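Enquirer: Residues per chain, in single letters:
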Amino acid sequence: QSVLTQPPSVSAAPGQKVTISCSGSGSNIGNNYVSWYQQLPGTAPKLLIHENNKRPSGIPDRFSGSKSGTSATLGITGLQTGDEADYYCGTWDSSLSGVVFGGGTKLTVL
Amino acid sequence: QVQLQESGPGLVKPSQTLSLTCTVSGGSISSGGYYWSWIRQHPGKGLEWIGCIYYSGSTFYNPSLKSRFTISSDTSKNQFSLNLSSVTAADTAVYYCARVRRVGATTFFFDYWGQGALVTVSS
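If you're matching them up, the sequences are chains A and B in order.
Quick note, in the numbering used here, the first sequence goes up one by one and the last residue is 110.
Quick note, in the numbering used here, the second sequence goes up one by one and the last residue is 123.
Just so you know, not all the hints are guaranteed correct.
[What the hints assert, rightly or not] Listed next, the stretches of chain B that the computed footprint assigns to chain A, with coverage defined by at least 3 CB atoms under 8 Å from CB atoms of chain A: (1) 44 to 58; (2) 61 to 69; (3) 93 to 105; (4) 108 to 115.
[As the list claims (entries may be wrong)] DEER-style ranges, computed between Cβ atoms: (5) B:Gln5 with A:Asp61: 37 to 47 Å; (6) A:Ser94 with B:Asp111: 43 to 53 Å; (7) B:Gly32 with A:Ser97: 17 to 27 Å; (8) B:Gly27 with A:Gly42: 18 to 28 Å; (9) B:Leu118 with A:Gln1: 40 to 50 Å.
[What the hints assert, rightly or not] Computed, partial: chain A to chain B, Cβ under 8 Å: (10) Tyr33; (11) Leu47; (12) His50; (13) Gly103; (14) Gly104.
Don't read these hints as lab results, they were simulated from the structure.
All values derive from a computational prediction rather than experimental measurement.
Think of the CB as a built atom: it goes at the ideal place given N, C-alpha and C, for glycine as much as any other residue.
Bound-form chain A, shown alone (with noise of 0.2 Å):
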C-alpha cells in the first residue's frame, strides 16, 4: 500500500491527452513540491517533472505537472507510442521524514 494514491492504469489513442493523478496528505503533497518519473519498459526511471511543474532540460512541453491541495497531476498532450511506460510520482513526507513514492500507473498508447 503506497503512501501516494495513483490509478494503476490510464490509456488513450495516439495524439490525444491523458492525466494521470496522484493522490496524498498534508503531509506529503500538501506541504512539499511533487516530481514525476517516467520508467520506460526495463529501463531505469527518468525525472519529468520536479517541483510541481518545472521540466529538465530535454523533456518536451508535452509533459506538465500541477499540484492543487493534496493531490498533484501529470499530464501527457500529443500522445505517442514511446510515450507508454509507468509513471511515478514522489515526495517527500515530513510526518514520516521520508520520501514516497505513488504505486506507479501504466500508461497505454492505444
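Let chain A serve as the given structure and place chain B on it in line with the hints.
Expert: Same frame as chain A, now just chain B:
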C-alpha cells in the same frame, strides 16, 4: 553530464550481506549541494526509497524499513555504497542509485539515476 553506475553481485545467499557500489562520473559527490541515494524496486512493483548520504557523511534512511541498511561513501573514489545485512528472498529487487536535489525541507527529487542492478537472494 552526471552518470551513475551500480555494481555488485547479482546473487546473494540468504542471511548474507548484500553490498552494492555506485560510481559517479561527471560530477563529484563531495562537491556539496546534492545528496546521494538508493532506491529499490521489487519485481513488478513500485519504487521504494531506501536512504541518502550527504557529502559530509551524514545519512538518513526510510524509517519504514528495518535498520538493516547502511549507506557509506568513499569520496576518493567518487563512490557511495549500500550494505544490507541478513538478506532474505524479500530483498530480491532492482537496486538503483540516484542523485538527489534537496532544497530546504520541501523539495526532494531524484534528477539522475543509475541503470539499476538486479540482486537476487537465493541459496
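Enquirer: Each hint: holds or not?
Expert: Results for each hint:
no.: 1; hint: 44 to 58; verdict: holds (count 4)
no.: 2; hint: 61 to 69; verdict: holds (count 4)
no.: 3; hint: 93 to 105; verdict: holds (count 3)
no.: 4; hint: 108 to 115; verdict: holds (count 8)
no.: 5; hint: B:Gln5 with A:Asp61: 37 to 47 Å; verdict: 31 Å, violated
no.: 6; hint: A:Ser94 with B:Asp111: 43 to 53 Å; verdict: 21 Å, violated
no.: 7; hint: B:Gly32 with A:Ser97: 17 to 27 Å; verdict: 22 Å, holds
no.: 8; hint: B:Gly27 with A:Gly42: 18 to 28 Å; verdict: 26 Å, holds
no.: 9; hint: B:Leu118 with A:Gln1: 40 to 50 Å; verdict: 24 Å, violated
no.: 10; hint: Tyr33; verdict: 5 Å, holds
no.: 11; hint: Leu47; verdict: 5 Å, holds
no.: 12; hint: His50; verdict: 4 Å, holds
no.: 13; hint: Gly103; verdict: 5 Å, holds
no.: 14; hint: Gly104; verdict: 5 Å, holds
Going down the numbered hints, you'll see the structure goes against 5, 6 and 9, while the others check out.
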